[in-house]
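Quick mapping for you: the protein sequence lines, in order, are chains A and B.
The opening residue of the first sequence carries number 1 in our numbering; numbering runs sequentially from there.
The opening residue of the second sequence carries number 114 in our numbering; numbering runs sequentially from there.
Derived from the structure by calculation, the hints contain no laboratory data.
Fair warning: this is a prediction, and the values are worked out from it, not measured in the lab.
We put the beta carbon where it would ideally sit given N, CA and C, even for glycine.
Hints are supplied without guarantee of correctness; some may be wrong.
Claimed, not checked - Computed list of lysine-lysine pairs in DSS-like fashion (alpha-carbon distance at most 27 Å, straight line): (1) A:LYS42 x B:LYS224; (2) B:LYS186 x A:LYS42; (3) A:LYS42 x B:LYS183; (4) B:LYS191 x A:LYS42; (5) A:LYS57 x B:LYS186; (6) B:LYS191 x B:LYS168.
Said to hold, decoys possible - Incomplete in silico selection of chain B near chain A, CB under 10 Å: (7) VAL117; (8) GLN119; (9) PHE148; (10) GLN152; (11) LEU160; (12) ARG163; (13) PHE204; (14) HIS208; (15) ASN210; (16) PHE215; (17) ALA217; (18) GLY218.
One letter stands for each residue in the lines below.
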Amino acid sequence: EPEVTQTPSHQVTQMGQEVILRCVPISNHLYFYWYRQILGQKVEFLVSFYNNEISEKSEIFDDQFSVERPDGSNFTLKIRSTKLEDSAMYFCASSARVFNEQYFGPGTRLTVT
Amino acid sequence: AQTVTQSQPEMSVQEAETVTLSCTYDTSESDYYLFWYKQPPSRQMILVIRQEAYKQQNATENRFSVNFQKAAKSFSLKISDSQLGDAAMYFCAYHNNNDMRFGAGTRLTVKP
Chain A
1 EPEVTQTPSH QVTQMGQEVI LRCVPISNHL YFYWYRQILG QKVEFLVSFY
51 NNEISEKSEI FDDQFSVERP DGSNFTLKIR STKLEDSAMY FCASSARVFN
101 EQYFGPGTRL TVT
Chain B
114 AQTVTQSQPE MSVQEAETVT LSCTYDTSES DYYLFWYKQP PSRQMILVIR
164 QEAYKQQNAT ENRFSVNFQK AAKSFSLKIS DSQLGDAAMY FCAYHNNNDM
214 RFGAGTRLTV KP
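One chain only, chain A, in its complex shape (with noise of 0.2 Å):
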């Protein structure tokens, strides 16, 4: 069965570094997600993105953050400067339609000290 992968699986990273961390959505989804979930919290939306461009962000995504396919097959997502409470579990999720259930990665844990 095909599923969305994510790479590493840890990140450690120093405040104010840039992070990049990278997905593969299944091959032939359209809609590609990012999601964060802080240790012991809700999963929070963070941006979606079809046809090249983000169709909607939410108010977590700020200029520090931006997202790229810069291939068929990858779709990435950059912090710019890490800060502390940028720590987290990122999961990349797409979907064949907009509507459609949303395969989730596994996550990539981001561990900034």
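Take the given structure of chain A and dock chain B to it, following the hints.
Here is chain B on its own, set in the frame of chain A:
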């Protein structure tokens, strides 16, 4: 902004028994989708069940069913014949346009 509320931070059920997890949401839209996702300790989110708001019939998926009350903006999940593998965090989610909002989650414990 649409909000999703899960009023039960924790629930417990005896194996083979039935449990209902509550979810309410706030929206002014008439067309939207609702989901229940399961997050086991492995932390990967897995879809449990999906409901289209325009459908009156409640969705069912094997042992999982929902009670969708559109006027009340309520979307509860019923798990029948609970199994040890059902133990997880359960998140209710509202989906409209291109974003999705999650509730805070309910931690379900299944007692043998």
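| message | Between the alpha carbons of LYS42 of chain A and LYS224 of chain B, is the straight-line distance 27 Å or under? | response | Satisfied, since the Cα-Cα distance of roughly 24 Å is no more than 27 Å.
Check your understanding: Per the CB criterion, is ARG163 of chain B less than 10 Å away from chain A?
Key -> Hint on ARG163 of chain B: holds, closest Cβ of chain A at ~6 Å, below 10 Å.
* Asked: Straight-line Cα separation of LYS186 of chain B and LYS42 of chain A no greater than 27 Å?
  -> 20 Å, holds
**Message:** Just to be careful: measuring from the Cβ of GLY218 of chain B to every Cβ in chain A, is the smallest value less than 10 Å?
**Reply:** 6 Å, holds
* Asked: Holds or violated: LYS42 of chain A with LYS183 of chain B, Cα cutoff 27 Å?
  -> Holds - the C-alpha atoms of LYS183 of chain B and LYS42 of chain A are around 23 Å apart, at most 27 Å.
### Message
Using the nearest Cβ pair, does PHE215 of chain B come within less than 10 Å of chain A?
### Response
4 Å, holds
| Once the shortest beta carbon distance from ASN210 of chain B to chain A is found, is it less than 10 Å? | 6 Å, holds
Practice prompt. Given the hint that LYS191 of chain B pairs with LYS42 of chain A, test it: the Cα-Cα distance must not exceed 27 Å.
Written response: At roughly 21 Å apart (the allowed maximum being 27 Å), LYS42 of chain A and LYS191 of chain B satisfy the hint.
| query | Regarding the hint that PHE148 of chain B lies at the interface with chain A, is the smallest CB-CB distance below 10 Å? | reply | Holds, because the Cβ-Cβ distance from PHE148 of chain B to chain A comes to roughly 8 Å (cut-off 10 Å).
- Query: Would the stated hint for GLN119 of chain B survive a check requiring a Cβ distance to chain A of less than 10 Å?
  - Reply: 8 Å, holds
inquiry  = Under 10 Å is the threshold here; is the Cβ of GLN152 of chain B close enough to any Cβ of chain A for the hint to stand?
reply    = 8 Å, holds
Practice problem: Starting from LYS191 of chain B, check that the Cα of LYS168 of chain B is at most 27 Å away, please. | Solution: It holds: about 18 Å lies between the C-alpha atoms, which stays within 27 Å.
Hint compliance for this structure: every hint is met.
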